[in-house]
Amino acid sequence: MAEPAAAAAAPTRRRVWLKPFSDQSVPGQALFVWLSFLLPLVVWAAVSYVPFLWHPLVKIQDPASVSYFRPDTLVERSVFRAENAKLAAAGKPLATGTPANPVFLPAPHEVAQAFHKSFTTPPRRKGEKWLHESLWQSIQVIFWGFTISSLIGVPLGILCGTFQPIAKLTEPFVDFTRYMPAPAFGALAVAVLGIYDPPKIAIIFLGTFFQQVLVIANTTRKLDPALIEAAQTLGARRPQLLFRVIVPGCAFDLYNDMRILLGWAWTYLIVAEYIGASSGITFFINQQAKYRIYDNVFAAIIIIGILGFTTDRFLAWLGVHLFPWKRRRSSAPAT
Amino acid sequence: MTTVALPDYRQQSPEVAARFQRIRERPVILQVRDLEKAYGAGPSRHVVFDHVTLDIHRREFITVIGPSGCGKSTFVRIVAGLDEATSGQILLDNHPVSEPGPDRGMVFQGYTLFPWLTVKRNVMFGLEMRGRARSTAETEARQWIDMVGLAKFENSYPHELSGGMKQRVAIARALANEPRILLMDEPFGALDAQTRWKMQKYLLQIWKKVDVTILFITHDLDEAIFLSDRILVLGTNPGGVREIIENPVPRPRTLEQFLSPEFLALKARLDHLIHGDEPPDEEDKLPLGRMTTAGDDAE
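Residue numbers (the working numbering), protein chains in the order written: chain A, 250 to 584; chain B, 948 to 1246.
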């Protein structure tokens, strides 16, 4: 009896795994979250540490009698072989070296060290900023750009979604401006606002604002009109409809829009920081790349990722608490 | 099979006749005057219904029934003030209505509870809109939630409730405003048969306890008969009132009445009014060829 039961259970489990649009939780689902990070890391580690994977260069140990080989420099594998072939033909001792990856692909442990180092090493030149100072500057720029954009864009978007005439008055122009890439306004922003933070904040504002108005307006329009009708039959008047029905009804979707838009703002940050006096995390990355300290470059890029990811996770967690009505506590009881 | 001769659907027992007499003596709550709804203009003008005239008395239960496309939903939406009539008038307590208001509560077919509010806050919504203090609103809301039997769920969110419970909250929410008339647009249409039947019984119980007049849209003949005092039958081509029928089935209503002669007579009449003039179904013309003979031997 046990055998057929086991046989029946196996295909069921497989069906749960590959069921389209399934919201059933699969045993060990948490593992997938880790795997999604672990797998890229494994690939990176493999390419870095397994000598026969990629490794197009050779790191010279003993240059022997090759005139332009120096210890610890990198040469192409083909060049290394050719020189060694010449040495062998001449009967001289061979040069030695180990397979290596290009300098722009540091190994995980090097980046991990750089992570620590980049926070603890003082900047090379006077006046340059520590990594955490650069980061802090970037965060401030993005905060102000996004906040100013949201303070205007969110109410305007809700009004556009709610009232047809306001949408007619606003959206065509917003749509028109939206197609002008924000960085195109860079020179103008510097001319008007100087070379420090204000033009950068302006670029983030321009990059976010116009998309924001349209996205928020569209989300607002998706509210079930029956809810508004129900509220009207309960005696709600226009301002009450707006503040007691439309805004709370859209709030959850608007909140998620904002999470996505914040990601957008980060993209514009990198562009914005090139404008005027280069600053913030972008400046740090460029500087480190100039010095060819690619482990620091990777560390900085990963820090942006970590920052963005944790912010988003935090906002998701906050969302669950802000919108308890979106949580499924139990299945619906019978009538 | 024997055919039982059914009585005339207009034939009322003395008790039922006396009840209708009493209803007619009550004040008129809602007057529908020569209502017309049409779309388009000129030759493409399509009249959904016209010349709809009806007086609804206090605490009367009216059901509106008709084939799809007869505009029964449009009719109730016009009464609610959510749609506009092409011509004609709706008078509530002798005052013309033109926009939605809390004096005409409405329960929709779809679930229109505010998903971001708990059951209690949903029921409080109308009271708060009308400027009631929070604490008074809360006390009143509790009474209404109690009446629909959901006291245990006052702090639940709508998504945690079953379909039938949601509609009970919707009824409580509308009644909390103490409307002159309760408009119900196929409120049980989305529920399964079992729940639907329970909800019909609940509704009659609630109606008994509250001073409210009900205008109830449905496409279900049994539901229309089980609930109503009078039935407004709408038709299509041309659209308009086919008949306004005084329901001869005595109250209180029970399940057994579904097989009573009055009930069946009225149902036959409604069926004739709604489906009688329909052309034969496409299905009647399906070819008769068969694809299988499996199982035939068992018959």
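Certain hints may be false.
Straight-line Cα separation of at most 30 Å, DSS-like style, residue types lysine-lysine; simulated pairs [as the list claims (entries may be wrong)]:
hint	chain 1	residue 1	chain 2	residue 2
1	B	K1145	B	K1099
2	B	K1155	A	K575
3	B	K1099	A	K575
Simulated from the structure, these hints should not be mistaken for lab results.
Structure-based check of each hint:
1. K1145/B / K1099/B: With a Cα-Cα distance of about 19 Å, the restraint between K1145/B and K1099/B holds, given a limit of 30 Å.
2. K1155/B / K575/A: Violated. K1155/B to K575/A sits at ~36 Å, over the 30 Å cutoff.
3. K1099/B / K575/A: holds, 20 Å
Of the numbered hints listed earlier, the single one contradicted by the structure is hint 2.
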